[in-house]
Amino acid sequence: MNIINNKIKLFKPNALKAALFVTPALLLSACDDDKKQPTPPAVTPPVVEQPSVEEPPTPPQPLITNLVEAANVANKRVGAAVSNGVLNNNETDYINILKAEFNYITPENIGKWGSIQKSTSDVWDFSALDSMIAFAEENEMAFKGHALVWHRQAPNFVNSDVTPEELTTLINAHIDALAPRYSGQIYAWDVANEVMGDDANYRDSVFFEKLNKNYIADSFIRAHAADPEAKLFYNDYSIDNINAKSAAVFTMITELVNAEVPIDGVGFQMHLDASNAPSTQQMTDNFQRFVDLDLDVNISEIDVRLSSLPWDQVTKLAIQQQVYHRAVNACMNIERCDAVTVWGFTDKYSWIDGEFGPDDPLLYTAEYERKPAYYALADGFVGIAADASGVMPNLIANGNFEIATDGWTTLDETALRTTIAQKNGITSLIASSTDTSKATASIDITTLLKANNVYDVEAWVMLANETTLESSVNVILECLDEEAQTIVVNSAVAVNTEFTQLAGTLTIAECDFVAATLVIEGPAANEDIYIDAVSLRPQALLPDTEGFSDNILANSDFEVDASGWEGYDSSEVAITTTKVFAGTQSLVGTSRTQEYQGPSTNILNLVESGATYQLFARTAISEGSAQVKATISATCSDGVKYLGTGAVESSATDWALLAGEVTLPNCAMSDAILYFEGPAVGIDIYVDNVTFHKEEKNLGPNLVSNNDFEENTEGWSVWGGTLASSTNYANTGNSSALHSDRTGTWQGPVFNLQPYAETGKTYEITTYARIENAAEDLINITLKTLCEGDTEEDASYSQHGTITATNGDWTKLTGSLVLPNCNLVSADVYFDGPAIGVDIYIDSVSITSEVTVDPDNLFTNSTFESGVNGWATWGANIEESTDFAHTGEKSALVNSRANNWHGPVYDFFGTGTANTTYDMSGWIRVAGSESEDISVNIKQTCEGEEALYVDAGPAVTVSNSEWTEVSGTFTTPDCNLTELSVYFSNAAVGVDMYLDDALIKLAAVE
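The opening residue of the sequence shown carries number 24 in the working numbering; numbering runs sequentially from there.
For the record, the hints were derived by calculation from the structure and aren't laboratory data.
Don't take each hint at face value.
[To be verified] What follows is a set of in silico ranges between Cβ atoms, one per label pair, in the way DEER data are often shown:
no., residue 1, residue 2, range
1, Val146, Glu232, 21 to 31 Å
2, Ser460, Ser982, 48 to 58 Å
3, Ser154, Glu252, 21 to 31 Å
All residues carry an ideal CB built from backbone N, CA and C; glycine is no exception.
All chains should be modelled from the sequences, with the hints used to inform the complete structure.
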């Protein structure tokens, strides 16, 4: 075997012998023809069967190394929306990936009307667009103009004050100025963008108001006249599936085609949410009806949000990969789908964060690392079928090896690919052996596994040498304080003529993971193997516990029985295999005679009053489509409260993800039931994978310094009776606080919240309580407040949590309160309620306030709890850290600083505007020095000018022992900004900087 150019060439001895076999007749033809030969007698020669000559083997396909090559296999383009600001910043990683991975670009903003005509109707600024088109031409990229007519980002002179005639003139002038200028340079234009509203009616824009729908056809006609060679597309969002909006768009496009308007195709933006994205078939069917109008289609702006999924990040990314893969498959199913364009490519620069909140919707991380979604595009372009809806996600992102061997190692620590053999796609992994060692291929799966879960493992192998020998797939698992163990998942006899499946289950018990490695092993020394289509799929999806408690429902997947569940009211429930989202069983609610009936479970003993809970469940119904709702009935002393906890449109053909959030009432609940309802009477409701967990808020420190009363009751008081530290009972430690000799029901231990009070702020309160001198009685959390100017008689009293305490055990009491918006004179929290003479014990008291994010903060990532997305450095290293945190659990750490101006940098270009004043601050501490002077700095560049560096405020001395706020104010120049960055700097070289709770917002106008 020879390995040539990372490909394997197999020699076939029999073919070589056949190629060298020479017949006698061929030898005679080589004799000297000049010499006269005697004429032989005429005889009929015997028929001799000639040996067949085997054709030489077809050269293998070349290996794919980037997305452009993958798209070329499919005869498609692969594109990205490009930020002009980032492009001009010469960010090396951004530019290198853009050049290597994409052959089609769309300007994110600079091609829009408002960017071309910024102020007046007779002035156009083409400089930015000229520059980007030049970049595209230099790098042999096709270019799509975006967008000629759009209701957003239009110039300020396009408004309701213009007449229809004036608006028509403005549109025509814009198209006439723009399209001919780039004729021959632009492959296609998005002519009309998002003209259909979310209600499936024409959008109520200034264009429709003044010109009705006529402006749409007129714009296409004008664009075609201006550039006859460019393809002309209509472009819109939320039309990826067959729905009311896409039907309205289809009707509109049909009318344009029938009227012979020069339209070439439709762009489907596909800003998708992974929790409810369409299937491959749904997208394919939708594309096809537009193609049937003799039009091209393309995926024009795809990104896939994942923040709404309730799972851990690994699972979210794997589901996101499925969604991208299905979209590419849909495009592959349609010959006239000419391109897949991603709206950006790195999470570092995505419009999603500003529009929907923090997310990770693209192909690369903010640090420019490939995400699972990247491999989805490669797999899709080479024809590998995506997972069907409902199939558990493959946690191994690169299991098909179509574009790289990222994450894999083999015996010689290299992993080579080949196109000689494959199970799917065009590529497999080749694992070579040695004279003494078996061939192996391995991948680290430590971060992919969760304790107490079961996984389906699959790999396909083929021998490269011998005919039949046994191969295996194993997992080497090492848990903390335990020896590593090898778990044999499966072994099977493989052959050298076709791929053999190695499949089995991997059960992970309780384990604090140190390392876990998936290993595929060949049969023997000197026996190489091909490997393909490797997958690791959880049998059940476990919810993400970050920010939430574990699932409080004991039976959530119904794999054993329906214990803990029953039909609400007179309906019934049963285990079923008819419809299953995950595993082998689900729960079905039947015999529904009222719409409010369905599967239910009692949660009274699982929940806390006043707490917030999140619900996720997969739902389906027995016929048609209808909304399934989740509701909680909570019974308080003043009656039953029905709390909506989420709803989703469900169907008989697909599982839907129901997600919701609910805050339970602050009362002593006597009953609490979670149930599913909604569809018409007689329709069964199916439920699977139900997660119900409590929100764990980002709380600050406990304000109660003496919370366990181990030595005394300092910091506490009473309004009558005696308060003392007691060893009679203790929830933790050896002591608790005892309030005895009570002469009023309103008397109880009092904590003065006034020194810590912030008006309008929410406080979370927890304690454990018990009583003496009664079997049971109520204990409340009560707040007394007094505002400036009020007398004692004006004091406000409110209850914020109630439990029934007993004399036999400790009971947890929780609640939350919001302080009034006034100048507080006093704010007291106390625990009261039992009858006169009943003693109260409390212990383990906690009063905390939630760390909140300022809604006016223009930093999309200010607390670094989920990484350092959006932040960078100019030469140093930045990463999230748990070393210190001003609030929450993490901060941003900048280390490896080689210059004093190295520090955390935020690209404010595109968010900040010219001639505007901003306030900026951040909490800083240092390491490697006792103290440093830190300042807020600005880098700003006006078009045609050099960069200007500005101090936004005086330097502040920051120490290594505590957090210090560093702040400043700056005003952006009144110019056409091409760069705007904000950063913290000035620490000495080698000193580490920590940043937390960064803030930038518009300065208050006096």
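Here is what the structure says about each hint:
Between Val146 and Glu232 the beta carbons are some 25 Å apart, a value that agrees with the proposed interval 21 to 31 Å. Range check, Ser460 to Ser982: about 56 Å between beta-carbon atoms, so the 48 to 58 Å window is met. A C-beta distance of roughly 22 Å is found between Ser154 and Glu252, which places it inside the suggested range of 21 to 31 Å.
Taken one by one, the earlier hints all hold for this structure without exception.
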